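Peer 1: Letter by letter, the chains look like this.
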Amino acid sequence: MNFEPTEERRMLRETLTRFLADHYPIGHRNAVAYTAPFHDPTRWTELVELGILHALAPEAQGGFGGGGFDITTVFESLGNALCPEPVLGTLLAARILGATGGDLGPLLTGSRRYAVALDRSNSVTANETNNRWVLNGRCDVVYGGGTADRLLVATDTGAVFKVYADAVQVTPYGMIDGGGAAMLVLDNTPATLIALNGRPVIQDACDVGALALCAEAVGAMNAGAAMLLEYLKTRQQFGKPIGEFQVLQHRMVNLMTEIEQARSITILAASRLGTDTQSRISSMAKSLIGRTALLVAEELIQMQGGIAMTWDCAASHFAKRLVMIDHQLGDTDRHLQFVANAY
Amino acid sequence: MDLSFSAAEIAFRDDLRGFLAENLPVDLSDKVRSGAELSKADMERWHAILNTRGWLATTWPRDFGGPGWGPVQRHIFEEECCLAYAPRIVPFGLNMLGPVLIKFATPRQQAEYLPRILDGRDWWCQGFSEPGAGSDLASLKTRAVRDGEHYVMNGQKTWTTLGQHANRIFCLVRTATTAKPQAGISFVLVDLDTPGIEMRPIRLIEGGHEVNEVFFTDVRVPIANLIGEENQGWTIAKYLLTHERTNIAGVGFSVQAFEQLKMLAQQPRPDGTRLVDAPLFAARLARIEIDLEAMKITNLRMLADAQKNGAPGPESSMLKIKGTEIRQALDDLARRALGLAAAAFPPTDTDTNTALVSPDHTRIAMKYFNNRKLSIFGGSNEIQRNILSKTMLGL
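Residue numbers (our numbering), protein chains in the order written: chain D, 1 to 343; chain S, 1001 to 1395.
One chain only, chain D, in its complex shape (with noise of 0.2 Å):
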């Protein structure tokens, strides 16, 4: 039993955080995030030559890591970050396109960008007419789409295919959280097959997309915390600092209570990636993840008072993006509903 990251891990995460901590600051951070591209393309090329993405993926698909605790390293900085460069879809491609015998390199070296639309509520068909598939329909929410060469799309029957992005109508929008979005549209668009019965690969996809958004959450609570435990050590009412009332001390003994759960789920998860148990155990994160998110949100608000209500306020914008996390791949009662139909 060891709960100490190895040595790669432990370097990655600290070039990482100090990458991120040197060229990410939050005035930079909501500069970026919050204007078309809705992220910063320099600061992204960086990333990927610090081997962000080759984490991402094993050595025998190119790059030097892939494993639950690569993930959740590459996330849980990101997260405390707050950082806003479109990794998530990338990592979902990478995934897809592995697991399909595709070619990753273009990916890592980040010369090909990549998004996925996978969601449920995506509407799209496909049609073959010899031997060429087109596809049509529309996805209203994918990240990262407006930044993409390349998306994999996912029909409504299961199948996965591979679009260029300058074959479909592509209309980029920003987020609430920060990052951005775009709304697809794909009319006869043409298509590369890449599965027929895609829906194994594209759960797979959305288990480790589920523990990457764990990981962010858990990075990002732990800075919201810290933000919030210094400003109840500083912040004068009634003659104290405001931590000396026991109501904010109990409640905060709580949040931190909270997130320890979280990245014990967190790290539970990435343990059993690439196991027969990988699916229900990401659930159960990303559920627990939904829930404490939420309260780690609404207090850092809440025990903060009018401060950070305002924009000006990093804390407000970590809360922003906690709340929308349980938003992406399924939220807290999807996941305990996949949890609960095994009983």
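Note that these hints are calculated values from the structure, not bench results.
Everything numeric in this text was worked out from a predicted model, so none of it was measured.
Every residue gets a Cβ at the ideal spot worked out from N, C-alpha and C, and that includes glycine.
Okay, the calculated bits of chain S under chain D, using three or more residues with CB under 8 Å as the criterion: (1) 1001-1012; (2) 1297-1305; (3) 1318-1329; (4) 1385-1395.
Got chain D sorted already, so can you dock chain S onto it with the hints?
Peer 2: Quick look at chain S alone, frame taken from chain D:
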């Protein structure tokens, strides 16, 4: 990152499973599974079995007759005993007083008392809380005044668990009136046969007799029974309470309770439906399972820390809070799962009454009510939050 036990730890666990399969009497595990009250003889029988194997004083070093286990082995032991429905080791002599004697007592005191704890000649109980000193334990008022070679003790202790079985009690007493109340407390051992002691039962919410109140009137206690220095009692009490905090998460109890609850909810009911098919119940069950899975890892993480640092840190208060919340939530759900059948109230003061009612079902409501104690004893969850706020958050 490696969440699994080492080869040596797994071998230890297998050894332990074999031991339990062979040596845990079925009538005892049946009683534990049903939640029936264990008699004094039941508990002593299990202690003797463990003592024969050298596994009774799980927190003691080898030199004093313990197995010399580290935190991980102790955890495995506690978890496996739980899963096998073994009786809980009565902690007062073995897990509370024993470590105190090993740390603070004179060699003579150690030689006198430790063997008697191991072989069951002494059954110790705890005299800490008083009617006016609960969470604010340092405000305790039971006085011990020197008179020659004796202290003369006057006052009242309460919440004395299983005191009805005990022949001795370890007490915190006030030996000095100081500005800082903690500085005037001493730790003494008292023979319950001494004239002037009266023990009265307290009937608990679920009807059981688990705790007592103890009255001391001019009780003469030899000064030789003082442990450590006079007025050093608070330090000793704090040391004892950190030992009380081992296995504080009670993960084994929760796993056991969860499995029982799931089985119950998966059984077809007379109308053919299963409770787990009711979506709201299933959702409650799933939420607790998720909390419990996270708890298991939190427990292991802190265990790994304790193994590394030699002792559990203040974060273990988190385990107390969350662990007891989960256990109470499980008891709540089990009670709901039974519907009206949970309401029957069996007599509780004999261990043969289980023949009157189906034991697996009828005690669930009692257990729910009895286990409301979990968030109160061992330092209430609110006190744990105070501790965490101070030590972990620096507030």
